[in-house]
Amino acid sequence: MEVDLPVHNEYDASRFHQVTIRDPIAGADSTFTIPTRYVNLSFLNAGAQGTVVMADDLVTTQRVAIKKMQQPFVMTMSAKRAYREFILLTTIKHPNIIRLLNAFTPDTSLSTFREVYLVMELMTHNLHEVIHRLRLDHKTLSFFVYQSLCAIKHLHNSGVIHRDLKPSNIVVNDRCVLKVLDFGLARKKNVDTSMRMSDYVVTRYYRAPEVILGLPYSEKVDIWSVGCIFAEMINHTVLFPGKDRIDQWTKIYSVLGTPDDHFISQLGQSAAMYVRSLPRHQARAFSEIVPDTNFLPETENPRVHLTPHVARDLLFNMLKINPEERYSVEDALNHPYVKLWFKDDEVNAPASENRYDQEIDFADKTLIEWKELIFNEVQRYQADHDIFTG
Amino acid sequence: MTVLDTVTISTCGLAALIREAPDTTLVVDCRGFTEYNESHVRHSMNAFFSKLIRRRLFENKLDDNCLIHQLMSCSSGCTKMDEKLDLVLYAEEDKPRGNKRRIASCNAPESTAKIMRVLRERLEDTDKFRSVMVLEGGFKQFAQQYPQLCESSEGMTRLPQSLSQPCLSQPTGDGITLITPNIYLGSQIDSLDETMLDALDISVVINLSMTCPKSVCIKEDKNFMRIPVNDSYQEKLSPYFPMAYEFLEKCRRAGKKCLIHCLAGISRSPTLAISYIMRYMKMGSDDAYRYVKERRPSISPNFNFMGQLLEYENVLIKDHVLDYNQASRPHRHMDYYGPSDLCPPKVPKSASSNCVFPGSTHDESSPSSPSVSEGSAASEPETSSSAASSSSTASAPPSMPSTSEQGTSSGTVNVNGKRNMTMDLGLPHRPKALGLPSRIGTSVAELPSPSTELSRLSFNGPEAIAPSTPILNFTNPCFNSPIIPVASSSREVILTLPTPAASSSSSTSSEPSFDFSSFESSSSSSIVVENPFFASTEVPAGSSSISTPSGSQSTPASASSSAASRCRMKGFFKVFSKKAPASTSTPASSTPGTSRAARPECLRSSGIIISAPVLAITEEEDAESPESGFNEPEVGEEDDDSVSICSTSSLEIPCHQ
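First to last, the protein sequences are chains C and H.
Counting from 7, one number per residue, gives the positions in the first sequence under our numbering.
Counting from 19, one number per residue, gives the positions in the second sequence under our numbering.
Simulated from the structure, these hints should not be mistaken for laboratory data.
Among the hints, erroneous ones may be present.
[To be verified] Here are the simulated PhoX-like pairs of lysine-lysine, each with C-alpha atoms no more than 20 Å apart in a straight line:
#1 249/C <-> 311/H
#2 237/H <-> 274/H
#3 257/C <-> 132/H
[To be verified] Which residues of chain H face chain C? A few of them, derived with a C-beta cut under 10 Å, are:
#4 221
#5 269
#6 272
#7 324
#8 326
#9 617
Computed from a predicted model, the values in this text were never measured in an experiment.
For each residue, glycine too, the CB sits at the ideal point set by N, CA and C.
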């Protein structure tokens, strides 16, 4: 009677079943209420956003990943993030972006709404792991860069800047297909930069200079991130492992050289003064930054421009401190090092309809309002899809 | 079943809140005082435990104000901001721990849930909070799962510095950190932690924010200073340095301890602390930055603030507080960009530049003179300032009276001439909000600085949140793809490639690879993919290459033990760098070929596995990302080997092309 908490609401037992999964790390149980099509659940991971399991989908006979977003409405930040992720996942479709296979909630009304489940493709490795375990041959290297570029080009075309690209946000499978996941910080382009959206937006190591220095930024921040990841795939070590903001900048300019005054003068006056006061550095040669010895020489293929020299040229242009000089996605995709993979349907996939309204980012909604937004979106998804047999 | 209406939060949810949004989360421990002291959720406050309060709660004799007062024990100013706060209540789970309950033992176990429910409803009804939730599972479960997010009060009182935190170096910053014997740095959540503030005997607070609520420990307005700045690249913080210095000095002389805080304690408040250290300890901005950074590693002022510290350094040099030699990077900007950059362009009064001139001429003509004044000044800022002021008084006074705020601070100023000097620092003056906290607090309904808020997310959150992490755990299923038998030489491997014992469904993955003309062959010639499963079952012990368990190098050419050792290595597959002498010498490398390479379609043959220890992995995420991937599924037993391979291979999903 006075029973407290974890009693779950009623659910449609004819179409859903409950499976309790033990999180071996936290030693806690988590109950999944999911359509009966999903069986053989096993724990994958638990994070702040919820628990992820893998499961067999009896309908498609696929292995899938199911993420339970546990009460994404406990705080506005996570609710906002959950909402954003949900909208982007349901609308953006591209071979190099993680695909949502299904989404549902067993809860039938807003008042009982507690859980959202996302069913996604299951990918086998994330790039972070691959980078640190595998020395990649030229082909794979360039293919990964190509696919990353395709993904961000598509995001940009759909009006979204990812802003948080990093190896652990990119997954690959054993067939070398690469996909970007996690839109947590993705934001529509052309946002009023007076908000200056915080220089915290990109995980520090992959953060573009303009973000660190507080300049307005564009989609080229994603190119910078891909450049850093590219270098990391070659060197197996983080290119600019900054310990804090100042250190991040120090790492960058001590490798790439102090930028010219034209660039610095775009900074705020005090920031410019600080940057100018720092010791000046000459740019190091790229042959030193990513030396030949870090490539697999026997995998070179000059005929298709897969050589360290060409790779460095691409990298050089992606890692320009000044975003104006930095390659655009299109430039990068046309670079010889990746051009050989060019397929029009990947590069120029039609922009996804993006219902995500960036205004929402700035909206100061209450938790209840976020909850309702998410609930409505899930309902809408369920109405549009056959979540049980589709 | 009214209970169902209770908004609850899972232990995991609370952990996320504490890590990601400590500044907008208020955790209230409703257990007894003793239990609380023993251990509690980090930064939680203890309230609502007294019998009296509980009785009055049930008798409905507590009005909203009393409730709120219980929470924000003293400050009235903060109630305005409460709607930004998520409130989480917790107590003990009902069941077993009755024996341990001492002070709160008056409550029958089953009433705890009731109390919590009533309390939650009441608090929610006040409409003062963004949300009010009760922790599922109670404190015990939370403590089991997240011991690192719990702390005890005892450590606190004993070791003020180390109380910062037992565990996390990252997410919530560093907690309250001691900078000088009387100055602490902290975040908003720290400023609301009454217990800790009490324990540290902090009675004075400087709040660098537009909107953060006034700290709970403030009893009198004179002990509170608000500096209304945002953590942005436009904000001017330096105009407040002199005023804050006065305030801190006053506080120091009175033997009081002061907390300087902003939202996260990462950018704004450290900047102010650095400015104080520069002047008080006579350090250049770089040294002062390091000084504070050592004590509070999480600081990361934005570049705009760093620039202002540098400007301030120049001002202090001109005013002989700092020696010319102490300049962090002595006037290089002057060399490179000309003197105009030295002074903030907004230097308002000519008088201040009057003040500057004598100093700077001294600096240049006779470097000794500043050091003389410095020498006489010695360590105490007061004396130093009086000495310095004596040198500048002649020119300074005319400018002094012009600014209004001086009046406020001048009361304390008289003791030493330094005040005058600081006022002369040549920085633009802005309206100051000293003593007007509540008004400011109420007037602006602004979001907390997104930057600092997001910092938590981006530094720590995403890794935890990203669905990528889970995927990490997943073992490599690549194994049901065709298996490449390891033959006696790597060259033979190439030859045998096209005869995969193409096992399962995913044979597709490798098929294309055989089409690779020059390209693939070149790479495969140099790389042997060894599948232990396959090898153990089919390959005769004649193969020349054996991978070491650690992975990368094919070393022992000794054949006999190879099969066995291969089995033992249990990796699904080991790819090792060719260069078994034979293959090296005959680089099949650029064999004939097409000009267009086939796409790589098999990750395992797309490179060389690096044995883990070789890499110094620097990435932060490493701490969190579960060790996984290629090695993890390795099991000890040979038999298990095949088992694990089978089982993992079944995990493979046909991945969309």
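Here's how the hints hold up against the structure:
| no. | hint | result |
| --- | --- | --- |
| 1 | 249/C <-> 311/H | 11 Å, holds |
| 2 | 237/H <-> 274/H | 13 Å, holds |
| 3 | 257/C <-> 132/H | 56 Å, violated |
| 4 | 221 | 31 Å, violated |
| 5 | 269 | 27 Å, violated |
| 6 | 272 | 33 Å, violated |
| 7 | 324 | 4 Å, holds |
| 8 | 326 | 5 Å, holds |
| 9 | 617 | 6 Å, holds |
The structure does not agree with the numbered hints 3, 4, 5 and 6 stated previously, though it agrees with the rest.
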